[in-house]
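Colleague: Please build the complex by placing chain L on the supplied structure of chain V, with the hints as guidance.
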Amino acid sequence: MTTTATTALGPTGSAPAARRPRGGGGGLLRFIIVRFLLIFPTIFILVTMVFVLMRSIGDPITASLGGRLTADQLAERIHSAGYDRPIIVQYVEYIGQIFTGNFGTAISDGRPVLQLLVTYGGATLELAFYALIVAFIVGIPLGMLAAYLRDKWPDAVLRVFAILCYATPVFFAGLLLKLVFSVWLKVLPVAGRASTRTELNMSKLGDRRTGIYLIDAIQLGSPAAIGDVLQHAVLPGLALGLLTAGVFLRLVRTNVIGTLSMDYVDAARSRGVSEYRLVRRHAYKPALVPIITVIGLQIAMLLGGAVLTETTFEWKGLGFKLAEYLTARDFVAVQGIVTLLAVIVALSNFIVDVIAALIDPRVRY
Amino acid sequence: MSTTTETAEPRRRVTLWQRLPVVHQLRQSVGLQRGMLIAGLIITGIFLLTAIFAPLIAPYGFSQLRDADGVSFGAQVPPGGAHLLGTTVGGYDVLSRVIWGSQTALGVIVVAVVLSIFAGVILGLISGYIGGWLDRVLVVIADAVFAFPTLLLAIVAAIAISGGQSSLFGGILAAAISITVVYIPQYFRVIRAETVRIKSEAYVESAKVVGSSTGRIMFRHVLRNATRTLPLLFTLNSSEAILTLAGLGFLGFGIQPTAAAEWGYDLNRSISDVTSGIWWTSVFPGLAIVLVVLGITLVGESLNDLADPRLRTRRKASAVPAPTAETSAVLEGTDPNS
Chain V
0 MTTTATTALG PTGSAPAARR PRGGGGGLLR FIIVRFLLIF PTIFILVTMV FVLMRSIGDP
60 ITASLGGRLT ADQLAERIHS AGYDRPIIVQ YVEYIGQIFT GNFGTAISDG RPVLQLLVTY
120 GGATLELAFY ALIVAFIVGI PLGMLAAYLR DKWPDAVLRV FAILCYATPV FFAGLLLKLV
180 FSVWLKVLPV AGRASTRTEL NMSKLGDRRT GIYLIDAIQL GSPAAIGDVL QHAVLPGLAL
240 GLLTAGVFLR LVRTNVIGTL SMDYVDAARS RGVSEYRLVR RHAYKPALVP IITVIGLQIA
300 MLLGGAVLTE TTFEWKGLGF KLAEYLTARD FVAVQGIVTL LAVIVALSNF IVDVIAALID
360 PRVRY
Chain L
0 MSTTTETAEP RRRVTLWQRL PVVHQLRQSV GLQRGMLIAG LIITGIFLLT AIFAPLIAPY
60 GFSQLRDADG VSFGAQVPPG GAHLLGTTVG GYDVLSRVIW GSQTALGVIV VAVVLSIFAG
120 VILGLISGYI GGWLDRVLVV IADAVFAFPT LLLAIVAAIA ISGGQSSLFG GILAAAISIT
180 VVYIPQYFRV IRAETVRIKS EAYVESAKVV GSSTGRIMFR HVLRNATRTL PLLFTLNSSE
240 AILTLAGLGF LGFGIQPTAA AEWGYDLNRS ISDVTSGIWW TSVFPGLAIV LVVLGITLVG
300 ESLNDLADPR LRTRRKASAV PAPTAETSAV LEGTDPNS
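Chains as they are written, first to last, in numbering that gives the first Met the number 0: chain V, 0 to 364; chain L, 0 to 337.
Hints listed in this document are in silico derivations from the structure and should not be mistaken for laboratory results. Glycine included, every Cβ here is placed at the ideal spot set by N, Cα and C. It is possible that part of the hints are untrue.
[Unchecked claim] Incomplete in silico selection of chain L near chain V, CB under 8 Å:
(1) Val-139
(2) Ala-156
(3) Gly-251
(4) Phe-252
(5) Leu-297
The shape of chain V in the complex, shown without the other chains:
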């Protein structure tokens, strides 16, 4: 949720790269290796922070089951889970477990957190994918338009629209969309990822199920199923996507304004290059590179937003489960999911930085 601040502070992802001396040589491969190694301190810091914060309230068993069990039963559960050992021992053990991919096991239903990723991760990924599509389709063309018509009334309208996108919490946007399209107009489903019939059909796929409903529906080969899945995706995708669209709009506008005032644009204009071509080729392309870096930051924001969107639409993904475990006060599961998401964010930031370096050589140095 650090939208405007991002433009003010500069992209964080490339900061380590920018600090390196110029002309260091090595180029792309060296950049990728250094950037990859930087993932580890990041993950380590976040895992440590989450661990310390979560343990500052005491052991998770008392927090979850305290009051429901007798003191003896509690003590036994705590002992068998190893929470009565020194905190340092537990910490070292936890770090070790993270590296082997063990993110803990939920107290309330006994499911390993990593299994939750397999079951629910697809849904969150799918939602983030729809949201990004909405953000691209809405944000980038409108941002270009606003930059080109700078300080005229369409620019004013678009800027207020962008701020509104940012100012509206995703869950409120979701509730409004639901109210209008599902309850009043009755054109789109209220909640869920697919109707019961489609879900039943999908269960026939057996092992070929991916958990990403769109792919599963395509595998089924039934247009009705695909339509059903897409219908369910419209409102959650819009709610989460508009938030990001506002960010893209503002970023594209600022960058295109910057490039439009460059000397080479003036030079091209004086050569008689058409206005359309001027915007499309000369101003637009260089303005898009920073967007790739910002997408990296957006992944963090999308995941945060996904927790809220999934709760609003009963979209059964990782965020929905996280909210469920929060309500159940199952803090082992919460810690596991949050840590898992931290790893995902760190990895996706790495990938985005590498893509940015591939496109724009300046990032590598």
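Modeller: Okay, now just chain L, sitting in the frame of chain V:
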């Protein structure tokens, strides 16, 4: 950030009032930008007044279920009559809770922003001025936290602080501290960057030569000049703090309804109302969030644009003729709007 007005009218004295952060930008702005800034200031002003005078404006208390005669309000009463905006599923008056909610929001913003400015500025100053390994460690930590989803971090912090249950004061404090944890890195980064820049300025060197202590240089020379961007960050963070607070409330980590009114919590309660077509329980608290964030963001955006010469709308050269304009053709050429 030199101003067009000052260079245009060199003989005019610039008073302290005119140099105050927002007043200065208001005078600097023109046209559309000024409109957005003024609109933002008005909305923010209304929010502040509502929050301060909530006890006078609100028709009922935030946790009141019966009127003066002891008659129950009733649940999910449509807007109109005694309840202008209706009542919630729990039987609270929606209007009252929306008004009281502004007080909670303001409290959280003030505590969160003051705490994070305090911590972020001190850390940034020390890290930037002293440098060395401490600086590197702090930068890596700040970068890691900065890239993490703010809401998730706030959830973890809220669990750590209040164990997920909150009284009024505890709830506000827990929400504020969890938001603080998230935003310290932002202040840290900005102040550190400024400090590193200012450290090499001539006046810092001369202060060193004169023999000023490190503490005196840091707080007298560097800090005073590094706070330039704070008003901007302040507004941006206030709006983000409201959204984070609402997000926490929506996930059930906010403040209990009997302790204080909180918009995010009310929205969470209204999810099932929406499905049955009851719109007033969600629309009004939601609109309150949108309006407040919109107002504060408009102010912040305008400040941001005015601070960035690429985005600042300049006065037309003809409107305020600069004294140098007649003699210098270069000046005219550098103005993108001319």
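Colleague: Each hint: holds or not?
Modeller: Taking the hints in turn, this is what the structure says about them:
{"no.": "1", "hint": "Val-139", "result": "6 Å, holds"}
{"no.": "2", "hint": "Ala-156", "result": "6 Å, holds"}
{"no.": "3", "hint": "Gly-251", "result": "6 Å, holds"}
{"no.": "4", "hint": "Phe-252", "result": "7 Å, holds"}
{"no.": "5", "hint": "Leu-297", "result": "6 Å, holds"}
In the structure shown, no violation is registered for any of the earlier numbered hints.
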